[in-house]
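Enquirer: Each chain, letter by letter, is given below.
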Amino acid sequence: GAVVSQHPSRVICKSGTSVKIECRSLDFQATTMFWYRQFPKQSLMLMATSNEGSKATYEQGVEKDKFLINHASLTLSTLTVTSAHPEDSSFYICSAVGGNSPLHFGNGTRLTVT
Amino acid sequence: SQKIEQNSEALNIQEGKTATLTCNYTNYSPAYLQWYRQDPGRGPVFLLLIRENEKEKRKERLKVTFDTTLKQSLFHITASQPADSATYLCALVYQAGTALIFGKGTTLSVSS
Numbered sequence: 001g002a003v004v005s006q007h008p009s010r011v012i013c014k015s016g017t018s019v020k021i022e023c024r025s026l027d028f029q030a031t032t033m034f035w036y037r038q039f040p041k042q043s044l045m046l047m048a049t050s051n052e053g054s055k056a057t058y059e060q061g062v063e064k065d066k067f068l069i070n071h072a073s074l075t076l077s078t079l080t081v082t083s084a085h086p087e088d089s090s091f092y093i094c095s096a097v098g099g100n101s102p103l104h105f106g107n108g109t110r111l112t113v114t
Numbered sequence: 001s002q003k004i005e006q007n008s009e010a011l012n013i014q015e016g017k018t019a020t021l022t023c024n025y026t027n028y029s030p031a032y033l034q035w036y037r038q039d040p041g042r043g044p045v046f047l048l049l050i051r052e053n054e055k056e057k058r059k060e061r062l063k064v065t066f067d068t069t070l071k072q073s074l075f076h077i078t079a080s081q082p083a084d085s086a087t088y089l090c091a092l093v094y095q096a097g098t099a100l101i102f103g104k105g106t107t108l109s110v111s112s
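If you read the sequences in order, they're chains A and B.
All residue numbers for the first sequence refer to my numbering, where the first residue is 1 and numbers rise by one.
All residue numbers for the second sequence refer to my numbering, where the first residue is 1 and numbers rise by one.
Calculated directly from the structure, the hints in this document are not laboratory data.
Don't take each hint at face value.
[Said to hold, decoys possible] Distance windows between CB atoms, simulated: (1) A/K14 x B/L70: 19 to 27 angstroms; (2) A/K20 x B/T69: 27 to 35 angstroms; (3) B/K104 x A/S89: 39 to 47 angstroms; (4) B/K104 x A/K55: 46 to 54 angstroms.
[To be verified] Sample of chain B residues with no beta-carbon within 12 angstroms of chain A, all distances over it, derived: (5) I4; (6) Q6; (7) N12; (8) Q14; (9) K17; (10) T20; (11) Q38; (12) L48; (13) E56; (14) R58; (15) E60; (16) A79; (17) A83; (18) T87; (19) L89; (20) T98.
All values reported here derive from a predicted model rather than from experimental measurement.
Ideal Cβ positions, reconstructed from N, Cα and C, are used throughout, including at glycine.
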């Protein structure tokens with residue numbers, strides 16, 4: 001079964017609103033979680049790395065004030081897309097790793113901003 | 001900067017044949033390399049991990065090789081089935097605990 005749960009799987013929101021996406025590790029403690037973004041027929045692009053209890057590290061070109069990441073516990077990280085615009089429409093995927101486990105991915109969130 | 005190339009966007013083969021997918025990288029070798037399967041609208045699913053000091057790994061009908069001289073990994077699916085149709089992603093890790101760097105993927109279609 002799934003070891004990383006991501007919610008919601010799909011969300012449609014209006015331009016200017018904020019959307020929160022949750023990523024939970026189900027049966028292990030995730031010391032590090034990663035957030036990726038994927039456009040159609042493109043590879044997964046890393047947005048940010050978050051370690052429990054500390055501030056996320058953002059990749060170059062990713063606005064930290066627009067994509068707020070919180071990793072408050074060893075089993076939960078959230079990504080909030082603030083003041084969403086149509087160009088933010090994409091497939092957002094989280095992944096988690098803990099100990100010696102390989103990286104496990106959530107099933108992704110399809111965000112559509114109208 | 002590091003580049004990862006997967007040999008083709010699409011690969012079509014007949015059921016029962018062996019599918020071979022290629023992943024090439026530039027610059028320095030990663031600590032390890034992983035292969036994932038991704039179905040449409042879903043997150044990637046981990047298949048195999050191979051470390052830089054390993055030549056080959058197998059799991060059921062899957063085999064991965066890692067050649068640090070050629071800077072290449074090959075991913076084989078033997079006795080392919082239509083259910084193997086999906087996009088296969090190659091990903092590199094340079095240091096444990098750091099993020100994966102993904103290739104664009106190869107979409108495999110197995111016809112019966």
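Enquirer: Confirm or reject the claim that B/K104 and A/K55 have a C-beta distance inside 46 to 54 angstroms.
Expert: 30 angstroms, violated
Enquirer: Are all beta-carbon distances from B/T87 to chain A longer than 12 angstroms?
Expert: Violated, because the least Cβ-Cβ distance between B/T87 and chain A comes to about 9 angstroms, which does not exceed 12 angstroms.
Enquirer: For B/K104 and A/S89, compare the CB-CB distance with the range 39 to 47 angstroms and indicate the outcome.
Expert: 20 angstroms, violated
Enquirer: Verify this label for me: B/Q6 is non-interface relative to chain A, using a Cβ-Cβ cutoff of 12 angstroms.
Expert: The claim breaks: B/Q6 does not keep its Cβ more than 12 angstroms from every Cβ of chain A (closest is about 9 angstroms).
Enquirer: If we take the beta carbon of B/I4, is the closest beta carbon in chain A still more than 12 angstroms away?
Expert: 8 angstroms, violated
Enquirer: Could you check that no beta carbon of chain A comes within 12 angstroms of the beta carbon of B/L48?
Expert: Contrary to the label, B/L48 does not stay out of reach of chain A, its closest Cβ about 9 angstroms off (not over 12 angstroms).
Enquirer: Report holds if the minimum CB distance from B/L89 to chain A is greater than 12 angstroms, and violated otherwise.
Expert: Contrary to the label, B/L89 does not stay out of reach of chain A, its closest Cβ about 7 angstroms off (not over 12 angstroms).
Enquirer: For B/Q14, which was marked as not at the interface, is the minimum beta-carbon distance to chain A over 12 angstroms?
Expert: Given that every Cβ of chain A is farther than 12 angstroms from that of B/Q14, nearest at about 24 angstroms, it holds.
Enquirer: Is the gap between the beta carbons of A/K20 and B/T69 within 27 to 35 angstroms?
Expert: Between A/K20 and B/T69, where Cβ atoms are some 47 angstroms apart, the hint is violated.
Enquirer: If I take the minimum Cβ distance from B/R58 to any residue of chain A, is it greater than 12 angstroms?
Expert: Holds, because the least Cβ-Cβ distance between B/R58 and chain A comes to about 16 angstroms, which exceeds 12 angstroms.
Enquirer: Determine whether the non-interface label on B/K17 survives the test: each CB of chain A must be over 12 angstroms from its CB.
Expert: 25 angstroms, holds
Enquirer: Would you assess whether B/A79, listed as outside the interface, keeps its beta-carbon beyond 12 angstroms of every beta-carbon in chain A?
Expert: B/A79 clear of chain A: closest Cβ-Cβ about 25 angstroms, beyond 12 angstroms.
Hints 1, 2, 3, 4, 5, 6, 11, 12, 18, 19, 20 from the list above are not met by this structure, while the remaining hints are.
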